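If you read the protein sequences in the order shown, they are chains A and B. Counting with my numbering, you get residues 1 to 224 for the letters of the first sequence. Counting with my numbering, you get residues 225 to 302 for the letters of the second sequence.
These aren't lab readings, by the way, just hints derived from the structure by calculation. Bear in mind the structure is a predicted one, so any value in this text is a computation, not a measurement. No residue lacks a Cβ here, since even glycine has one placed at the ideal position from N, Cα and C. Hints should not be assumed to be uniformly reliable.
[Said to hold, decoys possible] Over 12 Å on every C-beta distance to chain A, these chain B residues come out as not near it, computed from the model:
hint, residue
1, 236
2, 296
3, 300
[Stated by the list, open to error] In silico DSSO-like cross-links for lysine-lysine, where the CA-CA straight-line distance does not exceed 30 Å:
hint, chain 1, residue 1, chain 2, residue 2
4, B, 297, A, 107
5, A, 185, B, 297
6, B, 250, B, 240
7, A, 192, A, 220
8, B, 297, A, 4
9, A, 185, B, 272
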Amino acid sequence: MAKKQTIFPSRLIDALTGSNCYIIENRQYALIIDPNDFVQIQVYLQKRKLVPEWVILTHEHCDHIAGLNALREHYAVKVLASAACSIGIQSMTINMTRIMESYLYFKSGGKVLASYPRFICGPADVIFDNTYQFEWQEHHFCLVAAPGHTSGSICILVDNETLFSGDYFIPGEEVVTRFPGGSEKAYEEIGKKVLRSLPETIWDYPGHGASFLLTKEVKKDYGL
Amino acid sequence: MTNREQYDKAFMDNFKLAREQLAGLKYRSIRLWDSMGHMTLMEEMEDKFDITMSTPDILEFNSYEKGFAILRKYGVDI
């Protein structure tokens, strides 16, 4: 049986890339995970009269940070990311904006040839190497570096019962380690260990696709 | 290293091939030259020759031989 959830994140999906942004709110405050599309985020915040305080990045790829620059321009948010992610968002190669148009073309099976701007973001305000824990609005956040998909990938565990796994555990997809900054070796040696150690029977909110219950069987499907 | 040697090296390093295996090589004709391998190869071409290719050119770059013509469009003497 799944543990009782203490948070109920709202999910905003980027139409072009299918990436998920999650907004956790408490009273009038909000914490944003992976700001993908600023316009959608702004509309949501304005409708709910929310003040965003924190942004957490699950990793450095552009589909998860495309709204970050505008968000920082409009709101006094603090950005929290792994040190490697903070470096990655400052590079058009590592954040994948250099090849995003081609990637989207291939990903769509040659159906979508969309324009995608190349951009970089400034460094995160708070960075960490292996783990980082903090309290926000009476919730406990535990961030753990899980390199492999990218060198800056992390998993976010809230109250030990809700997970944000970034581009790990994407329903129906294998873990990809061949993108810029990715490493099969790091995934095998570190990333897998972190994923294996995550609690089971908790809700996972992945970087793409719908939330699901993370079970022993799901982990087994990923060779964990 | 000449431009041609750099061009060949990009293919050989990315796709783990010997120089004699490059002629006639086409996109998706080997396992490593898939969409992800292609994007990595294109980034390396841009870095090596200090150019920025348009997306249509990146998508047209579908064989070892075709790449010469595309790089020449960007002023690469190859």
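Here is what the structure says about each hint:
Every C-beta of chain A lies more than 12 Å from that of residue 236 of chain B, the closest at about 18 Å, which supports listing it as non-interface. Residue placement check: residue 296 of chain B keeps its beta carbon more than 12 Å from all beta carbons of chain A (closest about 20 Å). Residue-level check passed: residue 300 of chain B sits 18 Å from the nearest beta carbon of chain A, beyond 12 Å. Annotation: proposed proximity of residue 297 of chain B to residue 107 of chain A holds, straight-line Cα distance about 27 Å (limit 30 Å).
Restraint check: the Cα-Cα separation between residue 185 of chain A and residue 297 of chain B comes to about 38 Å, which exceeds 30 Å; the hinted pair is violated. Restraint check for residue 250 of chain B and residue 240 of chain B: the C-alpha separation of about 14 Å stays at or below 30 Å, so the hint holds. Using a Cα cut-off of 30 Å, the hinted pair residue 192 of chain A and residue 220 of chain A holds, with the two alpha carbons roughly 11 Å apart. Under the criterion of a C-alpha separation no larger than 30 Å, the hint pairing residue 297 of chain B with residue 4 of chain A is inconsistent with the structure, at around 60 Å.
Straight-line distance between C-alpha atoms of residue 185 of chain A and residue 272 of chain B comes to about 26 Å, which keeps the hinted pair within the 30 Å bound.
When each numbered hint is compared with the structure, violations occur for hints 5, 8.
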